[in-house]
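Starting from the known structure of chain A, fit chain B onto it as the hints suggest.
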Amino acid sequence: MAELGGKQFIVLPMQGIRMPAVSTELATARFLRKLAVRPGLVRLFRMNATPGVELRLLDSVNEYGAKLVEIAPAALSALRAHQPSLRLVPLAFFHPAVAPRLHVETKATAAKAAVKVRLRIVSRTDGTPVAGALVVAFTDFGERIGAQGWTDARGEVKLALGSASPKLQRLYIYPEKDFWPALKKNLTVSSDTSIALIRLSLGYVDCLRYFYRATTPKSGKGIKVGVVDTGIAEHPDLEIDGGENTVVGEDKTEFRDNGKGHGTHVAGIIAARGQPPAGVRGMAPAVTLRSYRVFGKGSDSASNYAITKAIDRAVEDGCDLINLSLGSSEVDEAIESAIQYARSRGSLVIAAAGNDRRQPVSFPASYSLSLAVSAMGRKGTFPSATTQRGEVASPYGTDKKNFVAAFSNIGPEIDLTAPGVGVISTYPGGYAVLDGTSMACPAAAGAAAAILSPRVELLGLPRASARSEAMARAVLEQAQALGFGSLYEGQGLVR
Amino acid sequence: MGRYILRFTGTGPKPASDVERIRATPKLTVLDDSTHMMLVEAGEKHIEKMIATMPGWSWSPERTIRLPDSRPKPRRTPKD
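Chains as they are written, first to last, in my numbering: chain A, 1 to 495; chain B, 1 to 80.
Source of the hints: derived by calculation from the structure; they are not laboratory data.
Wrong hints could be hidden among the right ones.
[What the hints assert, rightly or not] Straight line, CA to CA, 35 Å or less: simulated DSBU-like cross-link-like pairs of lysine-lysine:
| hint | chain 1 | residue 1 | chain 2 | residue 2 |
| --- | --- | --- | --- | --- |
| 1 | A | Lys297 | B | Lys45 |
| 2 | B | Lys73 | A | Lys167 |
| 3 | B | Lys79 | A | Lys158 |
| 4 | B | Lys73 | A | Lys184 |
| 5 | A | Lys7 | B | Lys79 |
| 6 | B | Lys73 | A | Lys177 |
| 7 | A | Lys260 | B | Lys79 |
| 8 | A | Lys379 | B | Lys73 |
| 9 | A | Lys297 | B | Lys14 |
| 10 | A | Lys218 | A | Lys379 |
| 11 | A | Lys224 | A | Lys401 |
| 12 | A | Lys224 | B | Lys14 |
| 13 | A | Lys34 | B | Lys45 |
Just chain A, with the same shape it has in the complex (with noise of 0.2 Å):
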């Protein structure tokens, strides 16, 4: 028998473990009918629908039920093309819970680090300082030794190096807003050293603008769009619905932006309606956009209630899509149990794969029914000294200027690609340049959005399990490959 070097995964229906007997005639169904064999019975597939994809399957449960296969980790992003209402769980093994051996740290000792430098950061168009930007700087970057701080109101960073000209490997700086970060790479630095930034033009072709250029201010009318985050600030850009906070013990009318930025930069990836130089327009500027905070104020975490409670809320309101710029290593049952909600009402969610540099993809990311966004950028998209050099890194695409972002989580999981380097949004008071799967996964959702806007057919079905299926697959079916491979673009770029 042929090898398949894959993995082992139990295969379910959408809820539960076995499909209902009245929704036999789903595609689902059929699908699981069609492995269904004698226990114990090892069998070789090749699906006919999806050519060159092949799973063994090791066992079945029942005709509608679970079965557990075999399938190569280049071959699940096709199959969950294919069927993406199945739920694929790995095969996990449970071991006694031994303790840990302890193991020693080094700490460099406060006087070691107490000589400090001061660095100024200011803008280069008239050399003004550029307060509240994070100065990041490494003496090794490999081994990760540095020191980090923030400028104050003379754009003045006071940094423990260890010397008073220290030789940096990377020095790191990322304003707030309104100017591009920037990068400098083995430079010795002391007290009198300056550097100038390069202020933002809205009409700079970021990599969201070079591969999205047909996004009209249609684009995405009668899609409502749920932004689980850190809220949405008030933005000439960006026009609310609604929304709920539903951060336990806050106000729930307070869904604006929490002081983060993050979820007012997410939203007008996928909403903005500004037009350049004087604004931004995002990938589906006519979506009906809800806020829903799950960050309580000036927090950068969430809990897992406020996240359930929030993608139940956004489902609840009619949300046709939900984006989840967020992220865990831990898997999380109720958030999972929101997500099947989600789907058997009509709703699809879309999320981001997490920032972890090539680590496994994040949960809810990591969850089958979710649809997984990591992160690709394009050379020449970002000027030359900006922190975005950084993240350039194989594999590269068919055309060498694509690459997959240094920082992107990878793996079987991931359904779709998407810009998420150097990407220009709004942001409380202004605009700004952010990286990450984040900003990825609004990319991902507002091209679902201006694809799923027309599909009247699609957008017309009760709301159940069909409907957030169809639009799963109307969405996966118009992704293009660029050549990284299934394991860092799922189905590819959505065009």
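Below, chain B without anything else, positioned relative to chain A:
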């Protein structure tokens, strides 16, 4: 004592009788309530035992997820 999510995964909204029973449970505080869920503070064993007798309900501990950040961070400061 910890904070736990009780989620009704059956059809429709939470059954009123189940909600009443949860609210009447001694040493359990309801912190929040929504269509399908309740956030409660109680002992883990207590929750486990109660939910085992309530069909259609599942429970899981409350956890937090941090805001994603793709920026590199120093792990330690340099030596002199």
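Structure-based check of each hint:
A hinted pair counts as satisfied when its Cα atoms are at most 35 Å apart, and lysine 297 of chain A with lysine 45 of chain B qualifies at roughly 32 Å. At roughly 18 Å between alpha-carbon atoms, lysine 73 of chain B and lysine 167 of chain A fall within 35 Å of each other, so this suggested pair holds. For the given pair, lysine 79 of chain B sits about 16 Å from lysine 158 of chain A by alpha-carbon distance, which is consistent with the 35 Å threshold. Between lysine 73 of chain B and lysine 184 of chain A the CA atoms are separated by roughly 15 Å; this keeps the pair inside 35 Å, and the hint holds.
Our distance criterion of 35 Å between C-alpha atoms is broken by lysine 7 of chain A and lysine 79 of chain B, whose separation comes to about 45 Å. With a CA separation close to 19 Å, the supplied pair lysine 73 of chain B and lysine 177 of chain A stays within the 35 Å bound. Using a Cα cut-off of 35 Å, the hinted pair lysine 260 of chain A and lysine 79 of chain B holds, with the two alpha carbons roughly 33 Å apart. With a C-alpha separation of about 24 Å, the suggested pairing of lysine 379 of chain A with lysine 73 of chain B holds against the 35 Å cut-off.
At roughly 29 Å between alpha-carbon atoms, lysine 297 of chain A and lysine 14 of chain B fall within 35 Å of each other, so this suggested pair holds. Only pairs whose Cα atoms come within 35 Å are accepted, and lysine 218 of chain A paired with lysine 379 of chain A is accepted, the gap being roughly 29 Å. With a CA separation close to 34 Å, the supplied pair lysine 224 of chain A and lysine 401 of chain A stays within the 35 Å bound. As the CA atoms of lysine 224 of chain A and lysine 14 of chain B are separated by approximately 26 Å, the hinted pair is consistent with the 35 Å bound.
A threshold of 35 Å between alpha carbons decides the hint, and for lysine 34 of chain A with lysine 45 of chain B the separation of about 42 Å lies outside it, so the pair is violated.
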